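Take a look at the letters that make up each chain.
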Amino acid sequence: MTWYERVLTGSGLLVVGAPALVAAVMGLVLLLGYRLTERRITRLLEGATITGLAAAILILIGMLATGSRRVAITLGNWVVVPGEYHFAIKFVFDRLSVPFVILSFVLIGTIGAFASRYLHREEEFARFFMLYAIFLLGMVVASLAGTIETLFTGWELVGLSSALLVAYYQERPAPSRSGLWVWSVYRVSDAALLFAAVVLHHLMGEGDLSRLLGSGTWPYQHAEVASGQALLVGLLLIVAAAGKSALVPFSGWLPRAMEGPTPSSAIFYGALSVHLGAFLLLRLDPLIDRSIWLAGLLVVIGLATAVLAYLSSLVQTDIKSALCYASLTQVGIIVVEIGLGLRYVALVHMIGHATLRTLQFLRAPSILHEYHLVENALGEHRPVGKAPSWARLAGASVLGWLYRLALERSYLDGFLREVVVEPFRRGMLFCDRFERRWTDRLSGGESRESDHLRDPFGVIDELS
Amino acid sequence: MTIMGLPWLELAILTAVIGSLVVGLMRIPRRAAAWGMGFMGGVFVFAFLAWLSFSLGGTAAPSLGAVIQERWLGRVVFRLDELSAPMVPSLALLHFLTGVATARSRMRHFSYSWSLGSEAIRLAMFSCVASWTLVALLVLCTLPPYFELVNRGRPTRVYVLHLTLFNALLIVGWSLVEMRGRDGGNLGWELLPLMMAILVRCGTVPAHCWVTDWFEHASFGNALLFVAPLVGVYAAARLVLPIAPEWVLRGIGIASLVTAVYAAAMATIQRDTRRLFAFLFLSHASLVLVGLELFTELSLTASLCVWFSVILSLGGFGLTLRALESRCGRLSLAEFHGLYSQAPSLAVCYLLTGLGCVGFPGTLGFISTELLVDSAVEYSPWVGVAVVGAGALNGIAVLRGYFSLFTGVRHAASISLRIVPRERFAVLTLSALILGGGLFPQPGVLTRYRATLALLAERRQRMRAVAPGVAERPRGTGLEQRGGGGGLLGAAAGATVRGS
Chain L
716 MTWYERVLTG
726 SGLLVVGAPA
736 LVAAVMGLVL
746 LLGYRLTERR
756 ITRLLEGATI
766 TGLAAAILIL
776 IGMLATGSRR
786 VAITLGNWVV
796 VPGEYHFAIK
806 FVFDRLSVPF
816 VILSFVLIGT
826 IGAFASRYLH
836 REEEFARFFM
846 LYAIFLLGMV
856 VASLAGTIET
866 LFTGWELVGL
876 SSALLVAYYQ
886 ERPAPSRSGL
896 WVWSVYRVSD
906 AALLFAAVVL
916 HHLMGEGDLS
926 RLLGSGTWPY
936 QHAEVASGQA
946 LLVGLLLIVA
956 AAGKSALVPF
966 SGWLPRAMEG
976 PTPSSAIFYG
986 ALSVHLGAFL
996 LLRLDPLIDR
1006 SIWLAGLLVV
1016 IGLATAVLAY
1026 LSSLVQTDIK
1036 SALCYASLTQ
1046 VGIIVVEIGL
1056 GLRYVALVHM
1066 IGHATLRTLQ
1076 FLRAPSILHE
1086 YHLVENALGE
1096 HRPVGKAPSW
1106 ARLAGASVLG
1116 WLYRLALERS
1126 YLDGFLREVV
1136 VEPFRRGMLF
1146 CDRFERRWTD
1156 RLSGGESRES
1166 DHLRDPFGVI
1176 DELS
Chain P
12 MTIMGLPWLE
22 LAILTAVIGS
32 LVVGLMRIPR
42 RAAAWGMGFM
52 GGVFVFAFLA
62 WLSFSLGGTA
72 APSLGAVIQE
82 RWLGRVVFRL
92 DELSAPMVPS
102 LALLHFLTGV
112 ATARSRMRHF
122 SYSWSLGSEA
132 IRLAMFSCVA
142 SWTLVALLVL
152 CTLPPYFELV
162 NRGRPTRVYV
172 LHLTLFNALL
182 IVGWSLVEMR
192 GRDGGNLGWE
202 LLPLMMAILV
212 RCGTVPAHCW
222 VTDWFEHASF
232 GNALLFVAPL
242 VGVYAAARLV
252 LPIAPEWVLR
262 GIGIASLVTA
272 VYAAAMATIQ
282 RDTRRLFAFL
292 FLSHASLVLV
302 GLELFTELSL
312 TASLCVWFSV
322 ILSLGGFGLT
332 LRALESRCGR
342 LSLAEFHGLY
352 SQAPSLAVCY
362 LLTGLGCVGF
372 PGTLGFISTE
382 LLVDSAVEYS
392 PWVGVAVVGA
402 GALNGIAVLR
412 GYFSLFTGVR
422 HAASISLRIV
432 PRERFAVLTL
442 SALILGGGLF
452 PQPGVLTRYR
462 ATLALLAERR
472 QRMRAVAPGV
482 AERPRGTGLE
492 QRGGGGGLLG
502 AAAGATVRGS
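Protein chains in written order, with our numbering: chain L, 716 to 1179; chain P, 12 to 511.
Because the hints were derived from the structure by calculation, they are not lab data.
The model shown is predicted, which means the values in this text are computed figures rather than measured ones.
Here a beta-carbon is modelled for each residue, glycine too, at the ideal position from N, C-alpha and C.
Do not rely on the hints blindly, as some may be mistaken.
[Claimed, not checked] For each label pair, taking beta carbons as the anchor points, the in silico distance ranges come out as:
| no. | chain 1 | residue 1 | chain 2 | residue 2 | range |
| --- | --- | --- | --- | --- | --- |
| 1 | P | Ser-425 | L | Leu-747 | 20 to 30 Å |
| 2 | L | Val-1014 | P | Ala-443 | 41 to 51 Å |
| 3 | L | Gly-1129 | P | Arg-341 | 33 to 43 Å |
| 4 | P | Asn-162 | L | Gly-1159 | 11 to 21 Å |
| 5 | L | Arg-1148 | P | Ala-443 | 34 to 44 Å |
| 6 | L | Arg-1148 | P | Arg-86 | 44 to 54 Å |
| 7 | L | Tyr-1086 | P | Ala-423 | 31 to 41 Å |
| 8 | P | Leu-63 | L | Leu-747 | 25 to 35 Å |
| 9 | P | Asp-92 | L | Ala-780 | 55 to 65 Å |
| 10 | P | Ser-425 | L | Leu-728 | 49 to 59 Å |
| 11 | P | Gly-68 | L | Leu-728 | 32 to 42 Å |
| 12 | L | Gly-943 | P | Leu-154 | 54 to 64 Å |
| 13 | L | Glu-1137 | P | Arg-261 | 28 to 38 Å |
| 14 | P | Ala-423 | L | Leu-1108 | 54 to 64 Å |
Please put together the full structure from these sequences, using the hints given.
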């Protein structure tokens, strides 16, 4: 191994190792029941972020200096069943993953610094940063994944930390219900990605992305799969991406996620997590290229998401919801760009959008206060914004219908609840009642002690 | 004779028997608990040494234990093999930790004497191969829970009906097999009673109600110890897998698949923590059975890995719920409890063990789940969809339980509900195994692979020339044949960099 390769290997390991170490340390401390001071927690996270960022930039400099477009770091097989299966761990630095991982470190570091002050003296400061560290690790692993299984690992870590941070203010029921809804959507998304990963593994013989997606470097790869196979796998990937990025029909979870603290809203739903679905589509775009139907579907889903999110953003009455729908509008447009084959445009759009939206989310808590200061200085209220120009062209009835659609968030939540959740729940409750009758009959009396548990006010019968 | 040649397995079983008798004579609960924990600890140490002895290969000469058994029983009845070697210390550990983690307020309700007796039966069972001894132990194993229910004054009919059916089918089934000479290629309908017995014992739909009923009425500790080892799956691996034709295995597999999905779905709507746990257990046990009945190398390896994960992860999950119950009584999932502020360590343990059950990355269940899904998709994409779906529903159920138990309100308590040192020791031990096995899974996977080869070799031997092609399912019958892959890379010893 040359010195250059050694430097790259070391840097690559640092990029992943630093977040992993911090997550492990903080997790161990929490498990053992100890408490770290706020200062120590902040320093740990700072250290990991700065180390990872520096290592990522070093890799970028090395790649630019040598003209290398792809650097792969293979850690070998983590698990092998001889002759049957192997799970390789591999990280890839290319034109997609390097900007994204640098963006991740910059934004996570920035928001971490903000959060250390925003959440100062919060009772659950340590819990927030524990989940934050897991999120950092998940994002880095997902961004740099060179095998589909590794990508799935990062994907799951991001999902768990996201759902638990939505329920951060856990002394109220609404955040908990929202957290559960978010987690449920994520599980559907994870299931789709896991199934896609396994199917790909079987079709191609392994999970290495460079072999799955063909030779060459991003975005010039060409997957050697039949269009039918690409369609099957692509549909699963679109479901996975739709769940993670809150695309139609899963958009309903995004405003619920605003229950979490502002820093987590910024990093998850403004900056990084909400773009992870789009990142997945970019990473696996050679598969999408193999089927025109997939590309068309992406355009349709992206457009629908953008339009519906735009309409919803116009009627929101709180700033975080307005920002989340604005964010979703842009994500929809990014997905359209991916569907149209505009890879670099989508990547640049993602980076720019993530940065801008992070700023907006972080300023959200103070913006009303600043508006009041401006109005005090002016001595009058700020001018109210005008209606969009297209609204003047539409009739009153159309506007009314659009208003209701926007207010009800496109009825997507209701659709999922009425078409998926409620039938499932009713079916299972029917089975439960049947089982109770059966065991009562066998027992010759009441068979369930749990029926006599105290039934208090405020039962949760639904997923939200 | 080296120290590894000592009769550790026999000592483990004997210690459990003696402990059961000694502790049974004690009338003061805390004294009985202390002695009980001591005996359980001793059993675990001996079981661990037995496994160590097996892993290190023992000696060329027969072990002292084998000599003793030959002298006293006429033959070697109890011995470890690739399948049971890691199971025995895991069982012993679970018993020990359950005993250690029993809260003082629960010591009157958890009988250490009966637990030690049951432990002896289970250890003996897991050291047996297919034989009337195993059948007798399987039947004997069903008795202590009956006495538990009687002693607690709880209804027994559901349990008695189902387990009597199991015992009857087991005895009839094994009699028929013995009459036909245990020749796998000649067996057909004779295996039906045995197949039904396995389905009843494993709680396969529709014969699963006894499991939920058992959890309703038994003490949580005993309920957990009775189901966690997956005795039904062990019976399937020993009695059915070596000799069953494909249609029998497929029947068990289909029933198990339906149960896995059904139980996972039912877990998401439960209003009681014990019923949640019971359905999670049913789902995972069924997934183990699904893998077993696909009988390919990969699926069997996956199944055995999931089995191990179930014992540890689900066992730890059960201990965490039990710890919560000892503080707050039976817990309803129809309300928020907000226990995080009072017991944050238990919340972390809940998440760790719960997510370990459903195969979250970094936990013991992750690779097991990956292998199982992989093997399921290899058999049929629809089986893969069902397995993935069951996993997703289980994940939703676990976190629904978390949000209900630990969040939603501010819990006001006048006494400390924090984890006590004994509980922390128990849950941390299991957490260490879950995380350690999750981060370094290869050694465990290799032992399960060797056990798989041993099981398949036994099956090949039993399935004679009458049906030469049915011993093992060919690879790639579902999706296209997988090409390449596998084998340790030379770069496994260190990282390699490739640029382009």
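Results of checking the hints against the structure:
1. Remark: the range hint 20 to 30 Å for P/Ser-425 to L/Leu-747 is upheld by a beta-carbon distance near 27 Å.
2. Taken as a hint, the range 41 to 51 Å holds for the pair L/Val-1014 and P/Ala-443, whose Cβ atoms sit roughly 50 Å apart.
3. For the pair L/Gly-1129 and P/Arg-341, the beta carbons lie near 35 Å from each other, so the given range of 33 to 43 Å is met.
4. Taking 11 to 21 Å as the suggested C-beta distance range, the pair P/Asn-162 and L/Gly-1159 conforms, at roughly 20 Å.
5. For L/Arg-1148 and P/Ala-443, the hinted distance range of 34 to 44 Å is satisfied, since their beta carbons lie about 42 Å from each other.
6. With their beta carbons about 52 Å apart, L/Arg-1148 and P/Arg-86 fall inside the hinted range of 44 to 54 Å.
7. The supplied range of 31 to 41 Å is met by L/Tyr-1086 and P/Ala-423, whose beta-carbon atoms lie about 39 Å from each other.
8. A C-beta distance of roughly 28 Å is found between P/Leu-63 and L/Leu-747, which places it inside the suggested range of 25 to 35 Å.
9. Restraint check, P/Asp-92 to L/Ala-780: a C-beta distance of roughly 58 Å satisfies the suggested window 55 to 65 Å.
10. Range check, P/Ser-425 to L/Leu-728: about 51 Å between beta-carbon atoms, so the 49 to 59 Å window is met.
11. The hint said 32 to 42 Å for the Cβ distance between P/Gly-68 and L/Leu-728, and at roughly 36 Å that hint holds.
12. Between L/Gly-943 and P/Leu-154 the beta carbon distance is about 57 Å. The supplied range of 54 to 64 Å therefore holds.
13. One distance hint, 28 to 38 Å for the beta-carbon pair L/Glu-1137 and P/Arg-261, holds here, with the actual separation near 35 Å.
14. Checked against the hint of 54 to 64 Å, the pair P/Ala-423 and L/Leu-1108 passes, with Cβ atoms roughly 58 Å apart.
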